[in-house]
Amino acid sequence: RKEVEQDPGPFNVPEGATVAFNCTYSNSASQSFFWYRQDCRKEPKLLMSVYSSGNEDGRFTAQLNRASQYISLLIRDSKLSDSATYLCVVTQVSGGYNKLIFGAGTRLAVHP
Amino acid sequence: NAGVTQTPKFQVLKTGQSMTLQCAQDMNHNSMYWYRQDPGMGLRLIYYSASEGTTDKGEVPNGYNVSRLNKREFSLRLESAAPSQTSVYFCATRRDYEQYFGPGTRLTVT
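Top to bottom, those sequences are chains A and B.
Each residue of the first sequence is one higher than the last, beginning at 10 in this note's numbering.
Each residue of the second sequence is one higher than the last, beginning at 29 in this note's numbering.
Treat the hints as calculated values from the structure; they're not laboratory data.
The reader is advised that the hints may include incorrect statements.
[Said to hold, decoys possible] In silico lysine-lysine, DSS-like type, Cα no more than 25 Å apart, as pairs:
(1) K37(B) <-> K85(B)
(2) K42(B) <-> K54(A)
(3) K11(A) <-> K108(A)
(4) K37(B) <-> K51(A)
(5) K51(A) <-> K88(A)
(6) K108(A) <-> K99(B)
(7) K11(A) <-> K88(A)
(8) K108(A) <-> K42(B)
(9) K11(A) <-> K54(A)
(10) K54(A) <-> K85(B)
(11) K99(B) <-> K11(A)
(12) K88(A) <-> K85(B)
With the rest of the complex left out, here is chain A (with noise of 0.2 Å):
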């Protein structure tokens, strides 16, 4: 089994649509959590950090159940930059260090 797991999409979905993905994590020992943004062909950018109580950062909001072991993140109003792929990470430690676990991605299209 996958430490992160996320369904790969693509989710194609329309300009101003509200659209959630959700993330599965293994390992109950996770401390943090965290969502990025990749654009195609390039580097994966942090988007948002997501905190136990959940958090919200514009027309995103990310959340959290530890009991459950999944992350979600929340997009309205979608604008067609946010079509790209949506990494969800987890820390996790090993051998004393806090390592940064990254899932597959899933892929966002939004269209006119």
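The hints should help you fit chain B onto chain A, whose structure is shown.
Only chain B this time, still in chain A's reference frame:
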């Protein structure tokens, strides 16, 4: 500030050839990383360097070597390239939990 830079951007190798991927950062971060990214798989850590003078294996180190030349530079070497090493390679630094990636090197081994 350039952030994290990588050279080359693209490379085609024949099986058995060697090459070194270069990475440099001007962010003054202590830790540096090499990842590979393959379709359908998450970024996988090859090697990392927590600070100048130290290097450690990641998840998929076989077939690779690294050198942390100084605080700024961290290179990845393929001694004898294999088709299974066809991938996109990203160098990264890290501050707290945020990873800063270079633009990537697309490597094809034929």
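Practice task
Measure nothing beyond the straight line between the CA atoms of K37(B) and K85(B); if it is 25 Å or shorter, mark the hint as holding.
Solution key: Answer holds: K37(B) to K85(B) is near 24 Å, not above 25 Å.
Handout entry: Given hint K85(B) paired with K54(A) - CA-CA distance at most 25 Å
Key = holds, 24 Å
Problem - Distance restraint between K108(A) and K42(B), which requires alpha-carbon spacing of 25 Å or less - result: violated, 33 Å
Practice task
Verify the proposed pairing of K37(B) with K51(A), using a straight-line Cα cut of 25 Å.
Solution key: Judged against 25 Å, a Cα distance of about 11 Å means the pair holds.
Handout entry: Satisfaction of hint between K99(B) and K108(A), Cα-Cα up to 25 Å
Key = holds, 20 Å
Practice task
For the pair we were handed, K99(B) and K11(A), check the Cα-Cα distance against 25 Å.
Solution key: violated, 33 Å
Practice task
Take the C-alpha atoms of K51(A) and K88(A), compute the straight-line distance between them, and say whether it is at most 25 Å.
Solution key: holds, 19 Å
Exercise for the section: Measure nothing beyond the straight line between the CA atoms of K42(B) and K54(A); if it is 25 Å or shorter, mark the hint as holding. Expected result: violated, 32 Å
Practice task
Quickly compare the C-alpha distance for K88(A) and K85(B) to 25 Å and report which way the hint goes.
Solution key: violated, 40 Å
Practice task
Take a quick look at whether K11(A) and K88(A) sit within 25 Å of each other, Cα to Cα.
Solution key: The hint is violated at about 31 Å.
Practice task
Below or equal to 25 Å on CA atoms is what counts here, so check K11(A) against K54(A).
Solution key: Holds, because 22 Å separates the two Cα atoms, which is no more than 25 Å.
Problem - 25 Å limit on alpha-carbon distance, applied to hinted pair K11(A) and K108(A) - result: holds, 15 Å
The structure fails to meet hints 2, 7, 8, 11 and 12 from the earlier list, while all remaining hints are met.
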